[in-house]
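Engineer: Fit chain B to the given chain A structure using the hints.
Read top to bottom, the protein sequences are chains A and B.
Heads up, the first sequence stops at 197 in my numbering, and the numbers go up one at a time, no gaps.
Heads up, the second sequence stops at 218 in my numbering, and the numbers go up one at a time, no gaps.
Simulated from the structure, these hints should not be mistaken for lab results.
Just so you know, these numbers come straight off a predicted model, no measurement behind them.
Quick reminder that beta carbons are idealized off the backbone N, C-alpha and C, glycines included.
Derived, one-sided and incomplete: chain B residues facing chain A with beta-carbon distance under 7 Å:
id	residue
1	134
2	169
3	180
Letter by letter, the chains look like this.
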Amino acid sequence: MPKVRKLDYAALLFSLTVIVLFSYNIYSGQGEAFSVKVESEGREWIYPLDRDRIIRVEGPIGITEIHIENNSVYIHDSPCPDKLCVMAGKLDRTGQWAACLPNRIFVSIEGNQDDEIDDLNY
Amino acid sequence: MMKLMTLTTEEKTTAAVLAALCMFLSVIEYLIPKPLPFMRLGLANLPVLVSLAVLPGRGTVVLVILKIMGQGLVNGTLFSYIFIFSAAGSIASCAVMISVYTLFSGNISMMGISVLGALAGNMVQITAARYIIFGNAAYLIAPPFLVIGTVSALVLGYLAEEFIEKSEWFESRKRAVSEGKRAEGEGV
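The following block holds chain A by itself, in its conformation from the complex (with noise of 0.2 Å):
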């Protein structure tokens, strides 16, 4: 059995660390926040991250209303009677995500992915 080295310890935890941070880089979003994407109940709307503006969108329940402000969107209000939706608060990176079921709202953001893959082969 050969020796492990103090410093062997030390490699691997330096690699360990460095896929980690790597790996959380990569699933926490891809490209930089880039478009809203906003679903209800099937139907489908993108705006700008970086214009402000309020949408409002009408679900089963009533209208709720989406701030894009500064980079950032959030839900405003909703007619949903917890305000899940709202106390999810302001959303800037990619793959955020704030849902108000009630309503059948459901808003995110989405990377700026142009070069993505259609197919590939060995």
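Structural biologist: Positioned in the frame of chain A, the structure of chain B alone reads:
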């Protein structure tokens, strides 16, 4: 400069045998089915690790160049873009392994060196894949690729340590190299 790249006859012989071993292991690796194209074991890195303990840094560089060519031949990728990836990865990992071995030899075993080398090589390959063809999708396969690379590097490092410790061929090579160096040193 010329002096820097010269190897003694014994060193050249050792590099050549290790390069042949690299090629043989590339064939073995080629035979093992892979679930995904980039999930490799990196068996051919074993001779490179072993070479650190017997050859001077420039000998390992020569070996790695031979290994890159040999692998290109065996896998049939010598004239394809995949060759760029494997060449870039091998060079990066070789540079890191030689540096780490030179700086910390004695405090780190082949296992640690192998893990760091694999990390460097794989990161370079992923980056190359990202910018040359696959785009951001390359990053998506990166985490499993890096994890598998680390595990296989640990195993290879272990095997390399065992080899260095137990192989009689390695012992005799090591002796021949050091004697050869003395003899040619006196000759010049």
